[in-house]
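Using the sequences plus the hints, can you model the full thing?
Protein chains: 2
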Amino acid sequence: MVEPATDTKSAAKVVPLLKDELDIVIPTIRNLDFLEMWRPFFEPYHLIIVQDGDPSKIIKVPEGFDYELYNRNDINKILGPKASCISFKDSACRCFGYMVSKKKYIFTIDDDCFVAKDPSGKAINALEQHIKNILSPSTPFFFNTLYDPYRDGADFVRGYPFSLREGVPTAVSHGLWLNIPDYDAPTQLVKPLERNTRYVDAVLTIPKGTLFPMCGMNLCFDRDLIGPAMYFGLMGDGQPIGRYDDMWAGWCTKVICDHLGLGVKTGLPYIYHSKASNPFVNLKKEYKGIFWQEEIIPFFQAATLSKDCTTVQKCYIELSKQVKEKLGKVDPYFDKLADAMVTWIEAWDELNPSGASAKATNGKA
Amino acid sequence: MVEPATDTKSAAKVVPLLKDELDIVIPTIRNLDFLEMWRPFFEPYHLIIVQDGDPSKIIKVPEGFDYELYNRNDINKILGPKASCISFKDSACRCFGYMVSKKKYIFTIDDDCFVAKDPSGKAINALEQHIKNILSPSTPFFFNTLYDPYRDGADFVRGYPFSLREGVPTAVSHGLWLNIPDYDAPTQLVKPLERNTRYVDAVLTIPKGTLFPMCGMNLCFDRDLIGPAMYFGLMGDGQPIGRYDDMWAGWCTKVICDHLGLGVKTGLPYIYHSKASNPFVNLKKEYKGIFWQEEIIPFFQAATLSKDCTTVQKCYIELSKQVKEKLGKVDPYFDKLADAMVTWIEAWDELNPSGASAKATNGKA
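Sequence lines, in order, name chains A and B. When you line the first sequence up against my numbering, it's residues 1 to 365, in that order. When you line the second sequence up against my numbering, it's residues 1 to 365, in that order.
Do not take every clue at face value.
Copies of the same chain are indistinguishable here, so a pair counts whether it falls within one copy or spans any two.
Unchecked claim - Computed list of lysine-lysine pairs in DSS-like fashion (alpha-carbon distance at most 30 Å, straight line):
hint, residue 1, residue 2
1, LYS307, LYS326
2, LYS191, LYS132
3, LYS275, LYS60
4, LYS117, LYS288
5, LYS104, LYS329
6, LYS285, LYS132
7, LYS321, LYS117
8, LYS102, LYS122
9, LYS132, LYS117
10, LYS77, LYS321
11, LYS288, LYS275
12, LYS77, LYS132
13, LYS77, LYS329
14, LYS103, LYS132
15, LYS284, LYS57
16, LYS288, LYS329
Keep in mind the hints are simulated off the structure, nothing from the lab.
Written out as structure tokens, the structure reads:
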């Protein structure tokens, strides 16, 4: 059995890295009691809470946290007609938080995620590990068998080209989950009792050209480097699909990171994922995705972006055209999604005008 | 500090998996006292010892082991003029053992490798883990964030295409090393005291299209699937380079596995690597390789094999031509190496006539 940390108050005093450069984005429909366990680690940071569902409901946030909260009315007011690109009744709405942030880094976490313990029993400061991951380079061009060569006690092994040892900037740090694994509905149904108890003490770069299933439960990224690609798509209310929001963002992000020479890391840190969602409900949300992903993944595996795509925005718009052209045949949903991708970028640039112009002219954040 | 297991006699009685289908290949210049610690794990298996250096020297093998031993005189006698493709005064000579084996699987280990302990203090049966790795499929086409989905307690995560969940046959299992890491001479010189103490409880497939630095210290492979690609090149006596034998085999093997749809896994098991080789001696052996690998790796990254290459032998011959054509410009050494690659395949087919013809006609082992 694996248990969450139950006493984090006694955790060693935290030095809050990047305190003024990172926002924590939390999508929720309930009171945020889960923050109590995270207090020693999150309290120094600013939170952006994206309230999903009924906007008249009051979400309670434990005292002492610095936060801004947006409900659906706020989203509609801020984005006007462009609010159509933000999902409703689905945690995909979290990406609105990425858009309104003014910080360089985002950490996003689900409200059913608690503090995990490492094998020695110590409470894991997930955010600190994400920051370490993202502040050290990635190595997408050649695999290092001792995993992240920039970690203490590791390095590049014999046979690793010296010209590649500087690495590339890390855009994404994808963390994992102890206890309830992130399985699809069919696997949940088949293995209802399976728990992830294996603590793998590794961080590694996902190689260039390789796609992965990005989970949005415990995720950190550099907004300046990749933010506009972190669109969680159209899910939930009025849409034929759910639970593919983070997957969609992950596929788009990886293709764009590969094109722009940016890195994506996965592995540590772990959070403790407390409760399995209902597999029957999940199956209903997922089942079209289970078919579609058989077409979507080859599409992204084959996707190439032209040389003119020198900014994330340009890459994303180019990708939206390819989605419309190639995936539109799979289902009309992808036509709508492709349009929403464009709306998302328009909304992003409206809310982030300096970034938009800087990126358009310099090709660099 | 990390320590080797010092009492393996009390290890639980081993069920020797694949006892009659696997040979253990050990290159050596000294008495094989190191086998004492491996006795409970290796004694049921057949050993192929490739004696390097002075053939008149008597190598002592602890009692009770079943082995055949080949020294340079034996190699010359068996291969005749083709013996030129087998390196002398370099552990690259081990690949002669792969060639004379009649078994489906090979495990090869260096004689300075001892039994490591897992975090609970238990002696690790490295061979058993390799066999588990190689008997379960690989997943080269899409990354699974919980690593090897076929291990107990793991599976494919949400978003993993169902059509890819059968995986592909695993051709290679690459194990790691605690204590002395496998660093090149410059890294050894810079970090003389660095020890690998991190036990990463993971096995993973190296994605298709990604190269890795394959170390020959603790390696298992399926001879039927990939044997003829496991040529350790021309190193040591009379050659301008050393310590790139396993790297060369790894690059060729990975390109061919990718072409043939076979998998390569890395991670567990760990062995305990006891002593660092002399970094000054290593630098002398490696320094040309340090330049050359900057050209060799892009060469292998770009290498593609034609559709006619339906067997490992055909792939390897095709690769040898490309080596001659593209790397011959880097140094005349690669001309010689390309010729040796052809000689190696000729010798392999001579010693393995059924495999050679089966492969030539059916395209399958």
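Structure-based check of each hint:
For the homomeric pair LYS307 and LYS326, the shortest alpha-carbon distances inside one copy (20 Å) and between copies (27 Å) are both at most 30 Å. For a Cα distance limit of 30 Å, the shortest separation of LYS191 from LYS132 across copies, 22 Å, qualifies, whereas the shortest one inside one copy, 34 Å, does not. In this homomeric assembly, LYS275 and LYS60 come within 30 Å of each other (Cα to Cα) only inside a single copy, at 21 Å, whereas the closest approach across copies is 59 Å. Taking the closest pair of Cα atoms, LYS117 and LYS288 never come within 30 Å of each other, the shortest separation being 36 Å inside a single copy and 46 Å across copies.
In this assembly of identical chains, the alpha carbons of LYS104 and LYS329 never lie at most 30 Å apart, being 37 Å within a copy and 47 Å across copies at closest. Taking identical chains as interchangeable, the C-alpha atoms of LYS285 and LYS132 are never at most 30 Å apart, the minima being 35 Å within one chain and 36 Å between chains. In this homomeric assembly, LYS321 and LYS117 never come within 30 Å of each other (Cα to Cα): the closest approach is 44 Å inside a single copy and 54 Å across copies. In the homo-oligomer, the alpha carbons of LYS102 and LYS122 never lie at most 30 Å apart, since the shortest distance is 33 Å inside one protomer and 50 Å across protomers.
Within a single copy, LYS132 and LYS117 get their C-alpha atoms as close as 18 Å, and across copies as close as 29 Å, so both meet the 30 Å cut-off. For a Cα distance limit of 30 Å, the shortest separation of LYS77 from LYS321 inside one copy, 28 Å, qualifies, whereas the shortest one across copies, 66 Å, does not. When the C-alpha separation of LYS288 and LYS275 is checked against a cutoff of 30 Å, the pair qualifies only within one copy, where the shortest distance is 24 Å, while the shortest distance between copies is 56 Å. Taking the shortest alpha-carbon separations for LYS77 and LYS132, neither the intra-copy value of 37 Å nor the inter-copy value of 57 Å comes in at or below 30 Å.
For the identical chains of this complex, LYS77 and LYS329 are neighbours neither inside a copy (34 Å) nor across copies (65 Å), given an alpha-carbon limit of 30 Å. In the homo-oligomer, the alpha carbons of LYS103 and LYS132 lie at most 30 Å apart inside one protomer (17 Å), although the nearest pairing across protomers, at 46 Å, exceeds that limit. Taking the shortest Cα distances, LYS284 and LYS57 sit within 30 Å of each other inside one copy (26 Å), while across copies they are farther apart (72 Å). Proximity of LYS288 and LYS329 under a CA criterion of 30 Å is satisfied intra-copy only: 14 Å inside one chain copy versus 53 Å between copies.
Checked against the numbered hints given earlier, this structure breaks hints 4, 5, 6, 7, 8, 12 and 13; the rest are met.
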